[in-house]
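So the chains spell out like this:
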Amino acid sequence: MTGKTRDGKGGFGRVSRRNFVAGASALGVGVGLTPFLNRRAQASTEVKVLNWQGYGTDEKWALEAFKKATGLDVVHEYYNSESEMITKLQTNPGAYDVIVTNSAWNGRATEQGVIQPIDTAQVSNFADLNPSFRDSPLLNVDGKTYGVAWVWGITAVAYSTDVYKDVPTSIEALWDAKNAKRVSVRDDAIEAVSFAAIATGQDMNHPTDLAKVKEKLLALKPNLAMLWTSEDDWNKQFQAKAFDLSVYWSGSALRSKTNFKLPVGYVVPDEGAVGWFDGLAIGKDAPNAEGAHKFINYMIEPTYYVEWATKVGAPASANPKAMAALPDSDPSKAFYSDEAAIKRLQFMAPLSDQERQDFSDLWAEVKTEYAK
Amino acid sequence: MTPTTRTRWAILSLTGPAYLWLACTIFLPIAAMLALSFLDKSPLVPKPASFTLANYGAFFGKPFYWSLTRWSIELGFWVTLFSFLIGYPAAYALAKRVKGRWREAIFLLIVLPFWSNALVRIFSWTMVLRSNGIIDLGVQSIFPGAPTVDLLFTYPAVVIGLVHSYLPYMILTCYIALQAIDDSLIEAGRSLGASKLTTFRRVVLPLSLPGIISGSALIFVPVIGSFMEPRILGGTKGATLGMNIEEQFTVTANWPLGAALSFILLAIVLIIFGVLYPFLRKQGGAA
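These protein sequences, in sequence, are chains A and B. One point on numbering: in our numbering, the residue at position 40 of the first sequence is 40, and numbering is uninterrupted. With the second sequence counted from 1, adding 1000 to any position gets you our numbering.
No lab work stands behind these hints, which were simulated from the structure alone. Do not rely on the hints blindly, as some may be mistaken.
[What the hints assert, rightly or not] Taking beta-carbon pairs under 10 Å as the criterion, some of the chain A residues facing chain B (in silico): (1) E59; (2) W363; (3) A364.
No residue lacks a Cβ here, since even glycine has one placed at the ideal position from N, Cα and C.
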């Protein structure tokens, strides 16, 4: 659960089916074959990146600038969920150089042995990073760095400025009876559970009272207009006025506002919201580890970040120098430096398999009730 | 006549490749999934997996799976019923009323939806069904001030989308069955004094039953496993077991549970057809 642009054209259905077929065939016969299919011959002139589609690393101008500086071509492959990312890394060992890993998933990838330690000496911008992200135990294991902090963001509440003249500062607005059939949340078990945990005053990552969380989510039913699944989906439905209030990603909210000129307001409720950050990791047995270090260094550079943030809209950089380099007129500069709001955030931590399954079952059960 | 060695060889060499192909592409993956459904973790996890029945136990232990299963079956029932109600008369008209070049043209129109991507079809329906969509604007222009027609994210929207996707199966199978009925049988019924309705009920309908059954099977089975249409057109109202299975593979990465749920769904389909088969065969045979 992160603030990502997901495949604009892509339907979850199609992608999921493709993923399923790919996975199923991998299970059948592909496991033995895939390593031979990697294009190792091109490895030295190529950096293979695994990321969400349209999430910074695949901007055309950036890749041109990177090629100019290093002579390396960047090739992309995409995932549509973090579990798909892990599955891809497991089924294609040695196929990827740079992988964008969420803070809550970097540890899992480390544990599964699908990413390798990063030689931070090769990443000259590493020292500039905000220590609270850079040295986070979520990215560092046993004194080794498995992920370079890249960007961070918030999952909080977006609202229509056409409808709300006053900012809805309380998370309870989502449950307010006035908003019947005007609310949307993402169809995502962890995000839903996290928000309900915050609303019931619990630790978002490890809520102790799941019954309370479930009750809170069930209470959302009369207000729910729809469950959104991708940024593209969100923009289309928001524009069609399918809902006015939604749990949404900060980076996406800024993009909806600046790129699509939608009347979107964004607030971190008094009760708190979800914080996340993304790391850049290097795949185990990466075909071009040297190129991967160069690409990671480029990704955390102020020049690249400023261009990404101003041209396209981006989450906040984990590099304070990059944030400082933003023009003062940039809405994200003020937005992400609201220290009081940041203090209210709870950051995503890795979940155990059991917690993941429990959250998933709880959400499936709640959705079943929604459908009644 | 018993087949000679030569004809046996001919049969083997002609059917062998097909069976080999089916074994590799259907039997092996299904067998792998069946084995997977009894494991306690995905084989992609680099830890030894062990045998368990917990995945099947999860289905029987959690009531929401029952609701999802019931809704999937109900959805299959409604979509099959509406496909029959719309498709059968169309097939009848094509087989018994329309002749010559018109028939080809109409056939083409029926098959046409198959030529477009399923996802494109479904997303086009979202534009038609939503408020301010094509239906809504049409109604508003004829009856200004009429209540807004917003079918998107409702159960009927899911049924509409699925009927549209699967209707050609029903038309084609019924058409083949209806076309095979000798017109002289209908004439014989009429000349012996049966009314049009009686002729239809006693002659045409029983003789076309195999077409209806195969059409229904072709529709019912994929619909109860559907997940894409319910999600896009149904919003929160489109919960099916198929969606939950899909999430086990793509979101939770719990392949064993997804596989177990798939096999439960398969078993339900087999039970339904097992129960209905003798009854349907009797009906068909009694004609």
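Closest C-beta approach of A364 of chain A to chain B relative to 10 Å, hint status: Result: holds, 6 Å to nearest chain B Cβ.
Chain B contact restraint for E59 of chain A - C-beta distance below 10 Å: 26 Å, violated
Interface hint for W363 of chain A, Cβ within 10 Å of any Cβ on chain B: Given a least distance of 9 Å, the restraint on W363 of chain A holds.
When held up to the earlier numbered hints, the structure conflicts with hint 1 and nothing else.
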